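Asker: Chain by chain, the residues run as shown.
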Amino acid sequence: MAKSLLIISRQAPWSGPSAREALDIVLAGGAFDLPIGLLFLDDGVFQLAATQDAKALQQKDLSANLQALPMFGVEDLFVCADSVAARGLDPKGLSLEEARVLSAQDITALIDRYDQVITL
Amino acid sequence: MKFAIALFSAAHAPSSRRALLFAQAALAGGHEIVRLFFYQDGVYNASGSVVTPQDEQDLPKQWRTFVSEHQLDGVVCIAAALRRGVLNEEEAQRYQREAVAVGAPWELSGLGQLHDAVQDADRLICFGGA
Chain A
2 MAKSLLIISR QAPWSGPSAR EALDIVLAGG AFDLPIGLLF LDDGVFQLAA TQDAKALQQK
62 DLSANLQALP MFGVEDLFVC ADSVAARGLD PKGLSLEEAR VLSAQDITAL IDRYDQVITL
Chain B
102 MKFAIALFSA AHAPSSRRAL LFAQAALAGG HEIVRLFFYQ DGVYNASGSV VTPQDEQDLP
162 KQWRTFVSEH QLDGVVCIAA ALRRGVLNEE EAQRYQREAV AVGAPWELSG LGQLHDAVQD
222 ADRLICFGGA
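Residue numbers (my numbering), protein chains in the order written: chain A, 2 to 121; chain B, 102 to 231.
In case anyone wonders, no lab produced these hints; they're calculated from the structure. Owing to the predicted nature of the structure, the values given are computational and were not obtained by experimental measurement. Just to be clear, a hint being listed does not mean it is correct.
[What the hints assert, rightly or not] Pairs of lysine to aspartate or glutamate, DMTMM-like flavour, derived with a Cα cap of 20 Å:
#, chain 1, residue 1, chain 2, residue 2
1, B, Lys162, B, Glu190
2, B, Lys103, B, Asp221
3, A, Lys4, B, Asp217
4, A, Lys4, B, Asp223
5, A, Lys4, B, Glu133
6, B, Lys103, B, Asp174
7, A, Lys4, A, Glu76
8, A, Lys61, A, Asp44
9, B, Lys162, B, Glu208
10, B, Lys103, B, Glu170
11, A, Lys4, A, Asp116
12, A, Lys93, A, Asp107
13, B, Lys103, A, Asp116
14, A, Lys4, B, Asp221
15, A, Lys93, A, Glu76
Excised from the complex, chain A in its bound form (with noise of 0.2 Å):
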């Protein structure tokens, strides 16, 4: 059987390629067909905010990307509820609706049932 992978997306969507390169992992593995998991966690939680505009720093939007997930066959998304509300967004405006809200216990299982892990 296939070992499954979790990635914890930890970086804001604009400071820097992270974000996005944390994301090829998860896209690079859905296109295998791996099991694989991603979760939000600390400014990565960012990502998901609803309102974002990428033309304002002449960047590209990550947004689509992500709505693509389901698509490429990764549909166990996780967000972090403690960093969804140290940050103040609202947990039911994020704009991945398949992320699964987790409190930090939830979490410690998550990663728990993952046989590899990559934080980045």
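With chain A's structure known, arrange chain B on it following the hints.
Answerer: Frame of chain A, contents of chain B only:
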């Protein structure tokens, strides 16, 4: 044990030195390294263009020696490398760039190589992530 090692930090970062020390210790301990995968700023560790001050450790050179001596599978993510200007001869030609920064023993390849290593290894050990 079979290890896959992923490196995400630049050549001057302490975590990159730790990654090399870990890799050396793994082999010394009789373990196997199925693949080294350099991603994000980790691609700079494969660059032959890095010049280190004389009184500091030349990590790209140490990596190169280590990988060559042990004939390891050293893969540099091609997308991350292109973004950072760490091109091999083939890519420099493809994109018509003058600077060639990386050659043997490194191979430029895709993220599939990371997933493949994860599947093959007992443990994935990451250095320099967030």
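Asker: Work down the list of hints and note, for each, if the structure agrees.
Answerer: Each hint, compared with the structure:
1. B:Lys162 to B:Glu190: holds (19 Å)
2. B:Lys103 to B:Asp221: holds (8 Å)
3. A:Lys4 to B:Asp217: With Cα atoms ~10 Å apart, A:Lys4 and B:Asp217 stay inside 20 Å; holds.
4. A:Lys4 to B:Asp223: At roughly 10 Å apart (the allowed maximum being 20 Å), B:Asp223 and A:Lys4 satisfy the hint.
5. A:Lys4 to B:Glu133: Given that 20 Å is the threshold and the Cα spacing comes to 18 Å, the pair holds.
6. B:Lys103 to B:Asp174: Holds, at roughly 13 Å.
7. A:Lys4 to A:Glu76: holds (16 Å)
8. A:Lys61 to A:Asp44: Holds, because 18 Å separates the two Cα atoms, which is no more than 20 Å.
9. B:Lys162 to B:Glu208: Given that 20 Å is the threshold and the Cα spacing comes to 16 Å, the pair holds.
10. B:Lys103 to B:Glu170: OK: B:Lys103 and B:Glu170 at ~19 Å, within 20 Å.
11. A:Lys4 to A:Asp116: Given pair A:Lys4, A:Asp116 holds - Cα atoms ~6 Å apart, limit 20 Å.
12. A:Lys93 to A:Asp107: Measuring from Cα to Cα gives roughly 18 Å; hence the hint holds.
13. B:Lys103 to A:Asp116: Roughly 14 Å between the alpha carbons, so the hint for B:Lys103 and A:Asp116 holds.
14. A:Lys4 to B:Asp221: Satisfied, since the Cα-Cα distance of roughly 9 Å is no more than 20 Å.
15. A:Lys93 to A:Glu76: OK: A:Lys93 and A:Glu76 at ~18 Å, within 20 Å.
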